[in-house]
Every structure is written in C-alpha cells, then in structure tokens.
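Undergrad: Given next are the chains, with one letter for each unit.
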Amino acid sequence: MSVQKQALLEVRDLKTRFYTFAGVVNAVDGVSFSVGRGEILGLVGESGGGKSVIGFSILGLIDPPGKVDDGEILFGGVDLRRKSEKELQKIRGKEIAMVFQDPMTSLNPLQTVGEQIDEMLRLHSDLDGKARRARCIEMLSDVGISEAEKRLNNYPHQFSGGMRQRVVIAIAMIAGPQLIIADEPTTALDVTIQSQILKLMKQQVREREASMILITHDLAVVSQMADEIVVLYCGKIVEKGPKQDLISKPAHPYTQGLLGSIPKLHDRQDRLTQIPGTVPDVRNLPQGCNFRERCPFAQARCAEEEPEQHALDAGRSVACHFPLEQELAP
Amino acid sequence: MTAFLEVENLEQRFDVSGGPLDRLRFENGVPTMARRIVHAVNGVSFEIQRGEVLGLVGESGCGKSTVAKTIARIYRPTGGAIRVDGEDVSQYDYRKMLPVRRKVQMIFQDPFASLNPRQRVRDIVMEPMIQHAEPGDKTIEKRAMELLARVGLRPEHADRYPHQFSGGQRQRIGIARALSVDPQLVIADEPVSALDVSIQAQILNLMMDLRDEFGLSYLFITHDLSVVRHISDRIGVMYLGFMVETAPRDKLFEEPLHPYTRALLSAAPAIDPDPEAEEEIELTGEVPNAFDLPSGCCFRTRCPFAFERCSRERPVLKEAASGHQVACHLLDGET
Ligand SMILES: Nc1ncnc2c1ncn2[C@@H]1O[C@H](COP(=O)(O)OP(=O)(O)OP(=O)(O)O)[C@@H](O)[C@H]1O
Ligand SMILES: Nc1ncnc2c1ncn2[C@@H]1O[C@H](COP(=O)(O)OP(=O)(O)O)[C@@H](O)[C@H]1O
Ligand code: SF4
Ligand code: SF4
Ligand SMILES: [Mg+2]
Ligand SMILES: [Mg+2]
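Chains A and B, in that order, give the protein sequences.
Mapping to the working numbering: the first sequence position 249 is 249, numbers consecutive.
Just add 330 to the spot in the second sequence (first one is 1) and you have the working numbering.
It is worth saying that the hints were derived from the structure and are not from the lab.
Idealized CB from N, CA, C, for every residue including glycine.
What you were told as hints is all true, and nothing was included just to trick you.
If you want a taste of the chain A side facing chain B, the calculated C-beta under 7 angstroms gives, among others:
1) 160
2) 195
3) 219
4) 221
5) 224
6) 265
7) 267
8) 268
Based on the sequences and whatever the hints tell you, model everything.
TA: Following this line, the structure appears as structure tokens:
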C-alpha cells in the first residue's frame with residue numbers, strides 16, 4: 001500500500017530526555033518511524049508514552065530541562081536537528097503545521113480570527129493584502145464556517161469550542177504545509193463535533209496531498225483516520241504497521257491488551273480483557289522489557305534482555321521476544 | 331415492587347443573574363431587572379430498579395451531572411419528585427437526608443478533587459461510616475481494610491495520602507468509600523473518563539463485579555457510548571436538559587428511534603465499525619445554549635427531519651415499544 005511511497009519524514013533513533021531534579025526522564029527512547037507522502041500516521045499509547053514529546057521534538061520545540069539528545073529527523077531528506085532556530089521558524093507553519101488539543105492555546109484571544117489567519121499568509125506567502133483577504137475567506141469557508149467574510153472580524157471567544165478548532169485548522173492549512181502534526185485535536189470535543197472535525201481534517205489532508213501525524217490515546221479515532229499506526233509504551237515503539245493488520249492481528253501483547261481494554265460498540269462482551277497493573281515509573285524502568293510486569297506472556301528472557309524492534313511481514317514490526325502468532329502470508 | 335429510585339419531572343434551574351447591578355437593563359428606556367436562568371434539567375423522568383444499571387449519555391452540558399447531583403441532593407431541585415425506596419426526598423433538609431445518604435452514594439470523575447488531600451486513605455474510607463455508626467465502633471476500621479483489599483489496594487496503602495496514588499488507584503479509593511455504608515444505589519458521574527484505557531478497563535470490571543457481589547444499582551453517567559453500552563442494562567439519552575429516549579441497552583443500539591440518538595451513534599468512533607450500519611446522520615451546527623431553549627422540540631435546530639409541528643409543540647416521552655420511550659413527533663407520523 002503506502003509502503004513503497006517515498007517518505008516525507010523519517011525519524012531515526014530519536015532520543016529526547018528531560019533532566020529533572022528527580023532524575024532523568026527518557027521520554028522518547030530510541031524511536032524510529034517514517035511518514036509517507038499523503039499518508040496519515042497514528043501515534044497511540046497511554047498517558048506518558050511519549051507521543052507529545054515526539055511531536056514537539058520534530059518541531060524543535062523542546063525546552064530545557066528537556067533536550068533532543070540523539071537521532072535524526074529527516075524532513076524531505078534534510079535533518080531538522082541541524083537547522084538553526086531561525087530556519088526552523090520558517091519551516092514551522094509553512095512546511096509543518098500543528099494542531100493541539102485546546103484551540104485556545106493556539107489562538108490569540110486579543111486578535112481577530114481574520115488577523116490570525118492572515119498572519120500566516122503574511123509570513124509565508126508574497127500575496128498582496130487583497131489576495132490574502134480572499135484566501136482567508138475561502139479558507140474559513142473551506143473549514144465549514146458559514147458567513148466567513150463576517151466571521152473574519154470575530155474574536156476567538158465569540159466561537160464555540162468546535163468552531164475554534166476549525167479556525168485552528170484553517171490557520172494550519174492556509175500556508176499549504178506538507179506535514180500536519182495534530183496532538184489530540186478532538187479530545188476536548190463532543191462526539192458529534194469530533195466526528196465533524198475528524199472528517200474535515202481527513203478531507204483537507206487528502207485534498208492537499210499532505211501528510212499527517214495524528215497523536216491520540218483513542219484507538220477508535222486512530223482506526224478511523226490512520227493508514228499506519230505506531231504504538232508507544234514508555235517512550236519506545238512496541239509495534240508499528242498498517243492500520244487494518246495491526247488492529248485485527250496485534251503482534252505485541254501491549255497492543256493486544258489495549259484493544260481488549262476498549263469496550264466494543266457493536267459487539268458487546270461481559271468482561272473486558274484487562275491489562276493488570278499500571279505503567280511503570282519512567283525514571284525507574286524495569287530491566288529487560290518495559291512491559292514485563294504487566295505481560296501475560298513474559299518469560300525469563302524478558303527480564304534479562306531488552307527486546308529490539310524486528311520486522312514481520314507486510315511492513316510491520318514489533319519489539320517483543322515472543323510476538324503473538326501471526327498468520328503466515330500465503 | 332416499586333423501583334428503588336423514581337425520578338419524576340425533575341427540573342433544575344440555576345439563576346445566574348448576579349447582583350442588582352449586573353441585572354439592570356434598559357428596554358426602550360425603561361429600567362428592568364433582567365434575569366438569566368440556566369435551564370439545566372427540564373422535566374426528566376426515569377426509574378432505576380433494584381440491581382439495575384441505568385446509563386445516562388449525552389454531550390457536555392446536557393445536564394447529566396446536574397441530574398446526578400440533584401438526585402444525590404447536593405442540589406435542591408427546583409421542581410419534580412425524587413423517590414428513594416418510595417420516599418420523596420426532593421425537599422429534605424440536611425438532617426432528614428442523612429439516613430437517605432446511606433442508601434445513595436456518589437463517585438466522581440476526578441478522583442483527586444473529590445478526596446480530601448489531608449486525610450489518610452484509611453480515614454477517607456471510614457468517614458461516611460463514622461457519620462452513621464455508634465461512637466467507638468471498632469468494626470469500622472476492619473471494614474475499611476476489607477474494602478480497600480476488595481477494590482485492589484494493599485494494606486500499606488491505608489496510611490498514605492491521595493496524592494501518592496495514580497488516577498486509577500484514587501478511583502478505587504473513591505469506590506471503597508462509597509461502598510463503606512452499604513448503599514443500594516451508587517451514582518457514578520464519569521468515573522472512568524479521566525483514566526487511561528487499560529486502567530479504565532480495570533475499573534469497569536471492578537464495578538461490574540461489585541454490582542454482582544453487593545446487588546448494587548448504578549446510575550452510570552458517561553459521554554462515551556462504548557462504555558455505556560458495556561456497563562448498562564438500560565440507557566437514557568439526554569439533550570439540552572431533556573430525556574429524548576430511553577430503552578434497554580441492545581434495543582437502543584440496534585433500533586435507535588430518536589434522530590439525536592441516531593446521530594450520536596453514527597458519530598461515535600469504533601474499532602469495530604458496524605458492518606450493517608445504516609446511512610449516517612450527520613449533524614450540522616452546535617447545541618443551543620441553556621439560557622434560551624428553542625420553542626417546541628429541543629433538538630429542532632439541528633434535526634434533519636424537523637417539520638412544522640416541531641417548533642410549535644414540545645414532544646413528550648412516549649412508549650414506542652415495550653420499555654422503549656421516545657420524545658419525537660415523528661412517532662405520530664409526519665403531519
Ligand atoms: N517538561 C517536562 N519535564 C519533565 N518530564 C516531562 C516533560 N514533558 C514530558 N515529560 C515526560 O515525558 C514522558 C512522555 O510525555 P508525553 O507528554 O510525550 O506523553 P504523552 O504520550 O503525550 O501522554 P498524554 O497521553 O498524557 O498526552 C512522560 O513521562 C512525561 O512525564
Ligand atoms: N451550579 C451551576 N450554576 C449555573 N449553571 C450550571 C451549574 N451547574 C451546571 N450548570 C449548567 O447547566 C447545564 C448542564 O450542566 P451539567 O449538568 O454539568 O452537564 P453535563 O454533566 O451533562 O456535562 C450547563 O448549561 C451548565 O453550564
Ligand atoms: S518481550 Fe516478553 S515481557 Fe515484553 S511484551 Fe514480549 S513477551 Fe511480554
Ligand atoms: S420532534 Fe421534530 S425536531 Fe424533534 S427530534 Fe422529532 S422530528 Fe426532530
Ligand atoms: Mg500528550
Ligand atoms: Mg458532567
């Protein structure tokens with residue numbers, strides 16, 4: 001499927017650490033993945049897995065005491081880690097845009113929505129004022145806001161939560177970025193609004209042939225949106241692969257546990273298959289496999305040796321000494 | 331036998347007008363004292379049988395928490411009846427509520443905010459029992475320890491403070507506390523919404539086990555349709571402070587009748603998409619605010635099927651099939 005496509009973003013062995021008083025947090029601990037052109041990649045996992053830190057690392061937005069310590073972030077073949085802050089500022093917004101959970105963190109409450117959309121064009125295009133205004137109106141109606149021309153003069157607080165997120169998407173899309181990083185973009189929204197926003201994001205990304213990294217804790221959302229899925233646990237990738245295969249045949253015990261933990265909407269069962277215990281303290285990870293203390297399949301080797309990522313069939317890979325049975329490809 | 335809880339025409343309005351200066355308005359030059367009333371709950375009726383789990387779903391602001399807090403009598407209702415075991419408690423004062431509180435306990439979404447940070451876990455769990463026990467009762471402490479063990483905490487946890495626990499563990503403490511006085515009904519307001527999925531599954535399984543073991547009834551409030559389907563026997567769907575549909579769990583998912591329920595179900599993300607899913611109902615627009623309710627049907631501003639009668643007349647909950655009630659004029663035919 002998307003395996004042969006040329007990668008737009010390639011992250012290699014990324015390590016991001018936070019040097020806190022209480023100890024060093026290996027928030028992202030040797031993560032590698034790639035995003036093809038036109039592809040939607042879902043980054044999933046529970047709280048603290050490192051999803052957001054990966055997003056911020058790609059954008060060069062990790063502040064002290066945090067630091068990207070190692071790895072490469074190849075965007076269109078060029079390592080973003082070698083770029084200066086000034087060069088990165090040009091890339092952010094124009095080439096790589098972002099959408100966060102709370103639209104109010106991305107919007108300025110003191111500026112009209114029109115000014116904020118226009119600012120992106122002023123920074124990243126050579127259009128004159130009149131052309132920019134026309135673009136802004138077009139963009140705002142593209143994201144489903146009616147009477148766009150009037151709405152340009154409104155302030156963010158005059159919009160509801162769902163409409164603010166539409167405005168954020170308009171700002172993200174207007175400079176025509178190749179990659180959109182969306183961190184829990186619908187987590188704060190109601191289901192009927194969430195479904196509108198997800199459809200809008202997918203449509204915008206597909207229409208513009210852009211790529212997206214969708215960060216979420218919600219496997220149901222990811223299974224609706226993504227082409228490829230990366231599952232994180234304690235700062236490491238435990239499994240990655242095409243959406244359908246990964247969801248119908250998880251190879252890693254953690255992925256299987258997560259899928260079993262979610263109540264099914266159409267196929268109700270009496271008990272959920274739960275994962276015992278809790279996520280270990282990131283400052284004090286166990287020897288060997290991070291998932292060992294919660295894993296029903298753990299064996300002696302899991303306590304001694306950390307599992308490495310290894311390839312399975314069909315573009316999939318897993319980091320487990322005893323991956324779950326996969327049907328052999330015919 | 332009557333239902334354990336009967337709620338009839340429950341109404342909760344909040345006056346948020348503020349002081350006289352906030353309220354002063356001039357209409358055609360005439361000073362008037364404007365009032366701003368939030369219509370949070372507008373005549374909601376339902377029952378919960380002994381041992382039954384009623385799930386309440388709806389989007390944020392539709393009045394779920396207000397229903398919960400009013401039944402738990404954190405608020406006094408502005409209208410309607412709340413009968414617990416046949417006894418109307420809707421206008422009881424604090425003292426008269428005490429014996430009722432023993433039968434009806436509540437657990438909350440944010441386990442951190444709902445536990446006293448300066449109390450040890452042991453005391454948190456013992457507190458409701460102390461209110462109801464003879465002074466010096468020695469069995470209380472033993473029962474607290476038993477309950478902590480039952481919800482999956484270890485003996486050494488009893489002497490720690492809430493901030494030393496994870497979200498899931500705090501929810502376990504809240505559950506142990508609620509169960510300490512042997513309630514018959516537990517009102518749970520979004521008890522798993524703040525938790526990671528793996529922890530959410532642990533708490534849902536625990537709540538199901540406890541219900542079987544103690545013969546509990548739950549009023550289980552959530553905005554998550556997969557969760558409500560998992561846990562409920564019967565489900566009520568709320569919109570803008572109105573109950574628009576109630577039905578047995580599977581009935582609601584297989585044959586939703588109210589246009590809002592159908593839209594809600596088709597919007598819910600699922601890892602197991604329904605192969606026979608009907609045509610999707612996509613909603614446009616957003617929920618109206620609770621200050622000015624629309625005339626007629628509460629859903630008419632977003633309903634794709636709205637017709638003339640919908641703005642004129644407010645639909646009431648009517649029996650569409652056995653145990654399945656719907657508030658929509660379409661049920662009478664489109665005339
Ligand atoms: N500024 C910081 N200082 C110290 N540690 C941090 C900081 N930001 C993140 N971390 C740690 O890095 C790890 C990964 O955090 P991250 O925010 O990426 O998780 P996440 O997967 O996005 O979780 P969530 O689902 O809760 O958003 C966590 O252990 C977190 O505590
Ligand atoms: N104490 C209060 N004072 C004023 N308005 C309130 C109060 N509590 C709730 N409301 C309003 O009542 C409506 C229902 O709120 P709530 O019951 O919290 O909804 P839900 O729990 O379904 O999200 C909302 O419009 C909310 O703003
Ligand atoms: S490596 Fe061992 S402990 Fe880790 S997930 Fe695989 S089987 Fe379980
Ligand atoms: S009564 Fe009318 S507006 Fe209300 S849900 Fe039924 S058809 Fe729609
Ligand atoms: Mg995050
Ligand atoms: Mg609520």
